[in-house]
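Chains as they are written, first to last, in this note's numbering: chain R, 71 to 184; chain C, 6 to 116.
Please note: incorrect hints may appear among the correct ones.
Capping the alpha-carbon separation at 30 angstroms, the derived lysine-lysine pairs in DSS-like fashion look like this [as the list claims (entries may be wrong)]:
1) R:Lys141 - C:Lys72
2) C:Lys47 - R:Lys84
3) R:Lys81 - R:Lys141
4) R:Lys127 - R:Lys141
5) C:Lys72 - R:Lys81
6) R:Lys127 - R:Lys84
7) C:Lys61 - C:Lys47
8) C:Lys61 - R:Lys141
9) C:Lys47 - C:Lys103
10) R:Lys141 - C:Lys103
11) R:Lys81 - C:Lys47
12) C:Lys72 - C:Lys103
13) R:Lys127 - C:Lys103
14) R:Lys84 - C:Lys72
15) C:Lys103 - C:Lys61
16) R:Lys127 - R:Lys81
17) C:Lys61 - C:Lys72
Note that these hints are calculated values from the structure, not bench results.
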Amino acid sequence: DTGVSQNPRHKITKRGQNVTFRCDPISEHNRLYWYRQTLGQGPEFLTYFQNEAQLEKSRLLSDRFSAERPKGSFSTLEIQRTEQGDSAMYLCASSQDLVGGEQYFGPGTRLTVT
Amino acid sequence: QKEVEQNSGPLSVPEGAIASLNCTYSDRGSQSFFWYRQYSGKSPELIMFIYSNGDKEDGRFTAQLNKASQYVSLLIRDSQPSDSATYLCAVSGFGNEKLTFGTGTRLTIIP
Numbered sequence: 071d072t073g074v075s076q077n078p079r080h081k082i083t084k085r086g087q088n089v090t091f092r093c094d095p096i097s098e099h100n101r102l103y104w105y106r107q108t109l110g111q112g113p114e115f116l117t118y119f120q121n122e123a124q125l126e127k128s129r130l131l132s133d134r135f136s137a138e139r140p141k142g143s144f145s146t147l148e149i150q151r152t153e154q155g156d157s158a159m160y161l162c163a164s165s166q167d168l169v170g171g172e173q174y175f176g177p178g179t180r181l182t183v184t
Numbered sequence: 006q007k008e009v010e011q012n013s014g015p016l017s018v019p020e021g022a023i024a025s026l027n028c029t030y031s032d033r034g035s036q037s038f039f040w041y042r043q044y045s046g047k048s049p050e051l052i053m054f055i056y057s058n059g060d061k062e063d064g065r066f067t068a069q070l071n072k073a074s075q076y077v078s079l080l081i082r083d084s085q086p087s088d089s090a091t092y093l094c095a096v097s098g099f100g101n102e103k104l105t106f107g108t109g110t111r112l113t114i115i116p
């Protein structure tokens, strides 16, 4: 049973560039979540999908952020016109479609905006 | 007021002793409670979850939940140096599956 995978693991980009991250959830999980974590803080919720439907977006998710899960399998998170404040670890998690279903995290993508 | 509060630590515990980690939450509608372990530079790893008042044991770990006091704790028995990590408490609500995390407690096990 493979876990959640994320690519790339590290991304360094210059301010103003666009970046895209990919997440592949655990195969039988139909819920997929994106979180962002900065140093010394717990992960903060960004958005989540049930199958291909995006059910909730955080106020943290500005217009520069967009997430998709077109076929209910993998998901992408795109950040347009990156800013230095976007530097963080971007975490993806997945869970089964159960109330209180446990979320399992991928290894994360560390973004550095220079 | 933060929604989920944890002491940031560091908490230092001798090897072989019991480590006790605490978490309080503000939303009385919270239904599910999780403990994650996070090593430096790594992603969170789920170690315990609890949904009902009382204790839940899994190996050396015991999670305790008191919904009336809005309090959840994690006990680690026979602490090992490999338990040194940051422990994150997370909660979610019924019909609202996003996790709200505390800032984590950094635990150091002293050999």
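Against the structure, the hints come out as follows:
1. This hinted pair does not check out: Lys141 (chain R) and Lys72 (chain C) have alpha carbons roughly 39 angstroms apart, beyond 30 angstroms.
2. Among the hinted pairs, Lys47 (chain C) with Lys84 (chain R) is consistent with the structure: their alpha-carbon atoms are about 24 angstroms apart, no more than 30 angstroms.
3. Note on Lys81 (chain R) and Lys141 (chain R): the hinted pairing holds, with a Cα-Cα distance of about 25 angstroms set against a maximum of 30 angstroms.
4. Simply put, Lys127 (chain R) and Lys141 (chain R) have alpha-carbon atoms about 19 angstroms apart, close enough for the 30 angstroms limit, and the pair holds.
5. Of the supplied pair hints, the one linking Lys72 (chain C) and Lys81 (chain R) is violated, its CA atoms being roughly 41 angstroms apart against a limit of 30 angstroms.
6. A distance of roughly 26 angstroms separates the Cα atoms of Lys127 (chain R) and Lys84 (chain R); the hinted pair therefore holds under the 30 angstroms criterion.
7. Restraint check for Lys61 (chain C) and Lys47 (chain C): satisfied, since their Cα atoms lie roughly 26 angstroms apart, inside the 30 angstroms limit.
8. This hinted pair does not check out: Lys61 (chain C) and Lys141 (chain R) have alpha carbons roughly 37 angstroms apart, beyond 30 angstroms.
9. Proximity of Lys47 (chain C) to Lys103 (chain C) is assessed by CA-CA distance (about 21 angstroms); at most 30 angstroms being required, the pair is judged to hold.
10. For the proposed pair Lys141 (chain R) and Lys103 (chain C), the alpha carbon gap of about 21 angstroms is at most 30 angstroms, so the pair holds.
11. With a C-alpha separation of about 16 angstroms, the suggested pair Lys81 (chain R) and Lys47 (chain C) falls inside the 30 angstroms cut-off, and the hint holds.
12. A hinted pair counts as satisfied when its Cα atoms are at most 30 angstroms apart, and Lys72 (chain C) with Lys103 (chain C) qualifies at roughly 19 angstroms.
13. A distance of roughly 10 angstroms separates the Cα atoms of Lys127 (chain R) and Lys103 (chain C); the hinted pair therefore holds under the 30 angstroms criterion.
14. About 47 angstroms separates the Cα atoms of Lys84 (chain R) and Lys72 (chain C), which puts this hinted pair outside 30 angstroms; it is violated.
15. With a CA separation close to 22 angstroms, the supplied pair Lys103 (chain C) and Lys61 (chain C) stays within the 30 angstroms bound.
16. Only pairs whose Cα atoms come within 30 angstroms are accepted, and Lys127 (chain R) paired with Lys81 (chain R) is accepted, the gap being roughly 23 angstroms.
17. For the suggested pair Lys61 (chain C) and Lys72 (chain C), the alpha carbons sit about 14 angstroms apart, so the restraint of at most 30 angstroms is met.
Taken one by one, the earlier hints fail for this structure at numbers 1, 5, 8 and 14, listed in ascending order.
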